Amino acid sequence: MFKNIRFFKRDNTVEKVVDLNHQRVFILPTNKGLSFLVLIAILFLIAFVYNNNLCYLLAFLLSSIFLISILHSYQSIFGLRLELIGCNKVFAGEMAEVNLLLSNPGNIDRVNLNIGFSKSNKLSLGKQKQKKLTFFLFVEKRGWHRMNKIVISSTYPFGFFTVWSPIRFSKKYLAYPALASDNCPLPMMDIEESVEEELMNSSIAGGDDFYGLKTYQDGDAIKQIDWKSFAKGQGLYIKQFQKNATASNQQLWLDYDFTTASDLEEKLSQLCRWVVDAEKQGLDYGFSLPGFSLQPSHGLNHYQQCLEALALYRPVVID
Amino acid sequence: METEIDRRIIIFILASVALIVLPHSGHIPISLLVFFYSLLIWRFCVLWDKKWIPKKWLVSLLSAIAIYQLYSLNQGVFGRDAGTSIFITALGLKILESNKEQDFYLVSYLAFVVASSQFLYSQSILMLGYILFVTCSLFAALITLNTKNNDAKPAIKKILTMTAQAIPITVLLFFMFPRIDPPDWLLFNQQNTAVSGLSDTLRPGSISKLGFSHDLVFRAKFKGKIPPVQDLYWRGPVFSQTDGLNWTETNNRHFLRQMDKLVTYGQPSHYTVMMEPQDGHWIFTLDMPTVYPQKLIKNGLFQLLNPTKPKKRKQYEITSFLKFNTGKLTDTEYSDNTQLPAQPMPEVTQLVNELKGDNDSAQFLISAIFHHFKNNDFSYTLNPPVMEINPIETFLFKARSGFCGHYATAFVYLLRVANIPARVVSGYQGGSINKVGNFLEIKQSDAHAWAEVWLENKGWVRFDPTSAVAPDQFSEQNLESSTAEKQKNFEIIENKNLFNRWVTRAGDVWSNMDYEWQQWIIHYRGEKQSKFLSSWGITGIKSMFYWLTVLVFFMLGLFTWVILRNQKTNIDKVLMTYQRFCDSLAKVGVIKRKAETAHDFALRAKQLRPDLANNISLITWSYINLQYKKDSGIDDFKAFKKQVNSFKA
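These protein sequence lines map, in sequence, to chains R and G.
Numbered per the working numbering, the first sequence spans residues 8 to 326.
Numbered per the working numbering, the second sequence spans residues 148 to 796.
Quick caveat, the hints were computed from the structure, so don't treat them as lab data.
These numbers come from a predicted model, not from an experiment.
Note that beta-carbon positions come from the ideal geometry of N, C-alpha and C, so glycine has one too.
Honestly, I wouldn't trust all of these hints.
So the derived list for chain R, only partly shown, Cβ under 10 Å to chain G, looks like this [unchecked claim]:
id : residue
1  : Ile77
2  : Val118
3  : Arg321
4  : Pro322
In the BS3-like style, the derived pairs of lysine-lysine whose C-alpha atoms are separated by at most 30 Å in a straight line are [to be verified]:
id : chain 1 : residue 1 : chain 2 : residue 2
5  : R       : Lys156    : G       : Lys720
6  : G       : Lys372    : R       : Lys139
7  : G       : Lys304    : R       : Lys138
8  : R       : Lys138    : G       : Lys445
9  : G       : Lys295    : R       : Lys139
10 : G       : Lys445    : R       : Lys136
11 : G       : Lys305    : R       : Lys138
12 : R       : Lys23     : G       : Lys304
13 : R       : Lys129    : G       : Lys741
14 : G       : Lys295    : R       : Lys138
15 : R       : Lys138    : G       : Lys788
16 : R       : Lys156    : G       : Lys295
17 : G       : Lys305    : R       : Lys134
18 : R       : Lys134    : G       : Lys785
19 : G       : Lys741    : R       : Lys138
20 : G       : Lys788    : R       : Lys134
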């Protein structure tokens, strides 16, 4: 029976942009509004008992203003446009940052708006103005998250009515596992040192291990930047080295099995920390989860692939 | 709401409330007034320093004092004064302990009730204007309270817009909402603001100075022409009993059935009498009223009476015939109207005999008395000497000066000595015409007394003996009574002065406005309402509600359109208009590709149609501006729309 009423419809999510039109704006009287009705009733009673036309007039005026205030309340959020700019990826236990753009295309100032996910923030917006809003959502668990519904509401002008519009964006955001604390060193630290040594040697010797130059990309290790060419004004390049076979078994492997924690989530957290640390230090690292592995590499792409795998990892349960 | 309310918002609310209570200062007990404003000032003190916050026990004590005060005022619980006192007391106490948002909401609601109670005391246009002003102010204060924005300007702007939109609906409700008279038991004993008008005793001898106020007694609006001034005698108390000093009304006035049949002739005069609140029962009408509202009583003295003293303004539709014959006299009437307090003094008898000569006709004697007054140094004065002993004889033979009461009583006395039935009638005479509204205004200063004599074959006939000494009273346009005589002359001289004429004119306009105000606002109910609405084809309560609902919803729909219309996103409108431009280009084969920016598309289109290059760049430039420039407004959009509309590919 209620299926066709939009209020009860489940799927009213929006992709990116939403205009607050009559289908999205709801209105109900508040307690103050209801008690104002009681006041009007009292005024009518006085007018009736004393048969006084001016008392009637005042009661009529208050009733009319009450009726008109329905429209003005509705107007206070009607026509606003909310646009989802995006939200960053986040580690569980941290705050996800959601960026929204609220614009007021109409010709009236919007005052006294409340907007927010769970608790609302006051805000006002001049006519034909827009404002970028940033919300921080606390994320508890890794994996995909649906965004909570965001509510824009207002009680302007008298507080007799509350108008609101609940908005749920269909876009999901990904949370990586919580980062383990700093004090878990990368596995096989010795290898790391040897690699570093090797790097030094190679750069000093300029031996055949040097493979070539590559343009700098985000995420490349600062240590590998070819400062000489940068100084010549040729731009940022990084030195690439040919890895010989003997070095490969000494490579850094971030393996699920190396983790020391006992619990699955803690293990993932530890892996997560390793990935972050290794990437920060500009190392090549291989990555391995049960049923998933990546050859050693580095860079933003590789880094994100690892983290996504961690975020979405589901242990295979064998009955 | 944990956050503290800004001080300025509280001041705004308190000031509005103070203004709302202010007009009550005229009619509530002074102790109550002091109590209320002290609490209000106390609350102001709390704003400046927290240490003034009253302790709980103090509030309880104050409440107890308030209850004792209300009790000692002895007004009871119901009724206008009691209700007002209770609401003002409650308002004061609530203000003192208000702290949170909802407290101030309650304060505002109480203040609205107090505002409404003002109308129970005064129903003038000015009071309505004042209450509208303070209501708007209170609403604006509510907006600042709700938005927590201490800047009053946007709030005031908002409430003015809203009031402007609410007024058409208010007017509609006012005229169409069916008024039902409350049952009688609900009408609380209302204190009257009645004008003390004519008294039911006439005692001309004891008055040394006649001073009537210029207070309005009633208004009369004629359908058709206003009768000539010699017919404008508005009948009030009729005095036929006298003890020589006082003249009073007889108790024998309910013998209507035994009376002769009234014969009327000539054209009837239809008019509406709108009475100010009165102390007496009399409804002042022209002789002889034949059609009148059913609740009124016409008695044997041809008076119209309202059995309940109308303490409020009331109006009555009356039809009078100015020419009539009351026919024969009953025995009671005869004895009542020839009654003398004692054997008349010899000189009076002698005077009557002298005047009468050997002619027995009543009419001869009447004209003889008129001549006597005219030719024997009788004069008209508003400051006659006091005649406490034998007033009539003193007046006739010594003082020879007096006002209408003296002349009327002496005239009647002389006729009665000659055994001719006569009586004194008092009421109002004339009135002043309001040129704007074309109605008569009758003031206290128009009070008058005249005589009625019963003549064979003519019935009761009116004679005004005062006219023998002050004939000017009835000349030309002079509808004012003798009290205003001097003023009248003064006015004629001053009338050359344009300013004075304007003042008179402005006075008339104001008075007419007041009349229409009474007609259309204060008295708009019951019959008046159904009459007005039926002229629009709306009859019966059902159809009133039907049309009221339809029209209110129509108006709300209209306002919805007006208010929400502009909210359609401008960006959409711009896009749609641009799309039309693209469509018209598409018709000639220049199709915009999906990924193409407006700029790129324009470049391509210009190459394809160099003849349209100018227009294309113009429109594209406007479009880009509208889309991305911050301060583009509605005018820019209109210009853009115009460009697109005139674009032809």
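A quick look at each hint next to the structure:
The beta carbon of Ile77 (chain R) is positioned within 10 Å of a beta carbon in chain G (closest approach about 8 Å), and the interface hint is therefore held. Proximity of Val118 (chain R) to chain G holds as hinted, the smallest CB-CB distance being about 6 Å (cut-off 10 Å). Taken as an interface hint, Arg321 (chain R) does not check out: its beta carbon lies about 39 Å from the nearest beta carbon of chain G, beyond 10 Å. The closest approach between the C-beta of Pro322 (chain R) and any C-beta of chain G is roughly 44 Å, which is over the 10 Å cut-off, so the hint fails.
Between Lys156 (chain R) and Lys720 (chain G) the CA atoms are separated by roughly 29 Å; this keeps the pair inside 30 Å, and the hint holds. A C-alpha spacing of about 76 Å is found between Lys372 (chain G) and Lys139 (chain R), which places the hinted pair above 30 Å, so the restraint is violated. Straight-line distance between C-alpha atoms of Lys304 (chain G) and Lys138 (chain R) comes to about 25 Å, which keeps the hinted pair within the 30 Å bound. For the given pair, Lys138 (chain R) sits about 79 Å from Lys445 (chain G) by alpha-carbon distance, which is inconsistent with the 30 Å threshold.
Distance restraint check for Lys295 (chain G) and Lys139 (chain R): the Cα-Cα separation of roughly 23 Å lies within the 30 Å cut-off, and the hinted pair is therefore satisfied. Restraint check for Lys445 (chain G) and Lys136 (chain R): not satisfied, since their Cα atoms lie roughly 76 Å apart, outside the 30 Å limit. For a cut-off of 30 Å, the pair hint linking Lys305 (chain G) to Lys138 (chain R) stands: about 24 Å separates their Cα positions. Between Lys23 (chain R) and Lys304 (chain G) the CA atoms are separated by roughly 36 Å; this puts the pair beyond 30 Å, and the hint is violated.
Annotation: proposed proximity of Lys129 (chain R) to Lys741 (chain G) is violated, straight-line Cα distance about 39 Å (limit 30 Å). Our distance criterion of 30 Å between C-alpha atoms is met by Lys295 (chain G) and Lys138 (chain R), whose separation comes to about 21 Å. Between Lys138 (chain R) and Lys788 (chain G), the direct Cα distance comes to roughly 27 Å. Compliance with the 30 Å bound is thereby established for this hinted pair. With a C-alpha separation of about 26 Å, the suggested pair Lys156 (chain R) and Lys295 (chain G) falls inside the 30 Å cut-off, and the hint holds.
Under the criterion of a C-alpha separation no larger than 30 Å, the hint pairing Lys305 (chain G) with Lys134 (chain R) is consistent with the structure, at around 15 Å. Only pairs whose Cα atoms come within 30 Å are accepted, and Lys134 (chain R) paired with Lys785 (chain G) is accepted, the gap being roughly 17 Å. Pair hint Lys741 (chain G) plus Lys138 (chain R) holds up; C-alpha atoms about 29 Å apart against a cutoff of 30 Å. Among the hinted pairs, Lys788 (chain G) with Lys134 (chain R) is consistent with the structure: their alpha-carbon atoms are about 21 Å apart, no more than 30 Å.
Violated hints, in rising order: 3, 4, 6, 8, 10, 12 and 13; the structure is consistent with all others.
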